[in-house]
Structure formats: structure tokens, C-alpha cells
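Enquirer: One-letter residues, chain by chain:
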Amino acid sequence: MKKTVGVRAFCKCVLENGELLFSLSGEIDHHSAAYLREEMDMEIYRYKPKKLRMDFSKISFMDSAGLGLAVGRYRKAWALGGEVTVVVGKNERCGHIFQMAGLERLPGLTLEIALPIKKGSKK
Amino acid sequence: MKKELLNQISLRLPSLSVNEGVTRSMVGGIVATLDPTVEEWSDIRCAVSEAVTNCIVHAYRGTVGVIYISVKLYADRSVQIEVRDKGCGIADIKEARQPLFTTDSEGERSGMGFSVMETFMDSLRVYSVCGKGTRVVMQKRLSEQNGRRKI
Chain A
0 MKKTVGVRAF
10 CKCVLENGEL
20 LFSLSGEIDH
30 HSAAYLREEM
40 DMEIYRYKPK
50 KLRMDFSKIS
60 FMDSAGLGLA
70 VGRYRKAWAL
80 GGEVTVVVGK
90 NERCGHIFQM
100 AGLERLPGLT
110 LEIALPIKKG
120 SKK
Chain B
0 MKKELLNQIS
10 LRLPSLSVNE
20 GVTRSMVGGI
30 VATLDPTVEE
40 WSDIRCAVSE
50 AVTNCIVHAY
60 RGTVGVIYIS
70 VKLYADRSVQ
80 IEVRDKGCGI
90 ADIKEARQPL
100 FTTDSEGERS
110 GMGFSVMETF
120 MDSLRVYSVC
130 GKGTRVVMQK
140 RLSEQNGRRK
150 I
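Going line by line, the protein sequences match chains A and B.
Residue numbers for the first sequence follow numbering that gives the first Met the number 0, beginning at 0 and rising by one.
Residue numbers for the second sequence follow numbering that gives the first Met the number 0, beginning at 0 and rising by one.
Just so you know, the hints here were simulated from the structure itself, not pulled from any lab data.
Just so you know, even glycine gets a beta-carbon here, dropped at the ideal spot from N, CA and C.
Be a bit skeptical, because a hint or two may be false.
Quick look at which bits of chain B chain A covers, simulated, 3 or more residues with Cβ under 8 Å [stated by the list, open to error]: (1) 15-22; (2) 39-49; (3) 52-66; (4) 101-109.
Selected chain B positions facing chain A (in silico; Cβ < 10 Å) [as the list claims (entries may be wrong)]: (5) P98; (6) G112; (7) S114; (8) V115; (9) T118; (10) F119.
Working from the sequences, and respecting the hints, build out all of it.
Expert: Take a look at the structure:
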């Protein structure tokens, strides 16, 4: 049985019209990312979606582990022929870090973000 | 001129990943007493989360060691956070601080830890000796308090 001590992050998974949507919430750090990763990969391999949408707009905290989580899932979905959208919206907790990484330069990845550009961001 | 120290805490935690969140709570708790903006408070919590994660993932890889954290609050509203370990140390600090560089081969580490610390804090200093340990010192000066009566 998985130990879930101190994992304060949640992932809701919905499959609709061939699009797989992950709605993330809570705090994404190295600790919780390990659990989220398992759950998300299971669904990606099960459905092999043509479109994957990862919604980070409701998370309360994220550090660079969230970046690794997003990129790791993108790589898996992309390898299976899917296109990926990462949704940030107006969430500054995750937006700044995603901007810093220059995520939108990855092929097949769209970043949906409604924030001004901050220092340290890669254009 | 020596800065006046208002408050400080010292923590000693085992390098278990569950303590990333514990650290954020403790550091967030003491920083909150200075009435930071939400953004300042979030940035500091994120930077310290990165530093502690480095100790867990890299410094004490494959084992569990002690992480030493100290937070000092000064009268000029600056916050100094030190995260120290007795782990494997960093061979090339300059290389380690480069964005996207990581020595993590198996996990999903993005190599952005130091970049995040540098961006979210005003200053970052890294000291390390291979085989002995690493010390990360970060500072951030909070903006002026708004509208509160001084007690």
C-alpha cells in the first residue's frame, strides 16, 4: 500500500471528447510530485490521449518539482502522439516558474497563461 | 554597520521529502510576523523549498541526513535564510548554478532549483566542499509594511 504521508496535492482526472484533463490542486513539491506522477502516468498510458490538458491554475504552491512534473508528463504524452496544453491562467504561484523555463518552446506544447512577463523569464 | 536582529529560528530536520512542506510551514510562519506581501511570502517559501529539496535529492542521495536551517529577521526587514547539510557536496558550484543543469539521472529534476532561488531572493551564496557538505545563504529584503501601527 502506498504511503501518502504529507502529500497535500490532488489530481482530478477527466476524459472528455478524446481530451484528457488533469486538474491539479494543493501543493506540488518534490514529495507530492512523486505521487502525482504515478497517478497521471497511469491515466496517460491507459488512454493514450491525442490531447492532454494539465491545469495548474488552482494549485496553492509549486516549486521546480512542478516543472519536472509537467515536462515529464508532456514527454510521455508527446511520445504517444498527443499534444499538450499546460494551463496557468492567472496563477502566479506556478506562472513565474513556467515562464522562467521557457516551456512554450517545446514542440506540441501550448502554455495558456494570463500573466505579465516577469524577471528571469526566458522569452 | 551591524543590523539589528529581531528574531530567529533554527531547525534540524531529517532529509525526508515530507519535510519540504514542514520547512515551508515553519519558515513561512516566522516570515509572516514581518507582514510580507503575499508575493514576498510565497517567493521565500518557494526558495527555501528548493534549497531543502536539494539536500534531500542530492546532498543525501540514497541516505537520510540532517538538514540545518536558520532564519534570521532583521530590523531593516531583511530575511536571511541559511540551509546547510553534511552531504556529498558540489564538485563545480558554477556549473551547478546553471539553469537546467542537474546531476539527477533517474528522477524528473528540472535543474532549476538554484535559478528559482536566485530569481525569488535578492541574493544567493553557495559554499560547498566535496565530501563534507554544502551551505546555501539567501537574503531577501521585504518592502515597507503598509498601514499597521507599530506596537
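Enquirer: Less than 10 Å between beta-carbons is the criterion; does S114 (chain B) satisfy it with respect to chain A?
Expert: Since the shortest Cβ distance to chain A is 6 Å, the answer is holds.
Enquirer: Between the region 52-66 of chain B and chain A, are there enough contacts, at least three residues with CB-CB distance under 8 Å, for the coverage claim to hold?
Expert: Held - the region 52-66 of chain B has 3 residues with a Cβ nearer than 8 Å to chain A, which meets the minimum of three.
Enquirer: Tell me whether the statement that chain A covers the region 101-109 of chain B is true, taking a Cβ distance below 8 Å and needing three residues at minimum.
Expert: Holds: 4 residues of the region 101-109 of chain B have a Cβ under 8 Å from chain A.
Enquirer: With chain A as the partner, please determine if T118 (chain B) meets the hint condition of a C-beta pair closer than 10 Å.
Expert: holds (4 Å)
Enquirer: Between the region 39-49 of chain B and chain A, see if three or more residues pass the 8 Å beta-carbon test, and mark the coverage as holds or violated.
Expert: holds (count 5)
Enquirer: Let's test the interface hint: is any C-beta of chain A closer than 10 Å to that of V115 (chain B)?
Expert: Result: holds, 5 Å to nearest chain A Cβ.
Enquirer: Do the numbers back the hint for P98 (chain B), that is, is its least Cβ distance to chain A under 10 Å?
Expert: Hint on P98 (chain B): holds, closest Cβ of chain A at ~8 Å, below 10 Å.
Enquirer: Against chain A, does the region 15-22 of chain B show at least 3 residues with beta-carbon separation below 8 Å?
Expert: holds (count 5)
Enquirer: Per the CB criterion, is F119 (chain B) less than 10 Å away from chain A?
Expert: holds (8 Å)
Enquirer: If you take the shortest Cβ to Cβ gap from G112 (chain B) to chain A, is it below 10 Å?
Expert: holds (6 Å)
Of the numbered hints given earlier, the model fails none.
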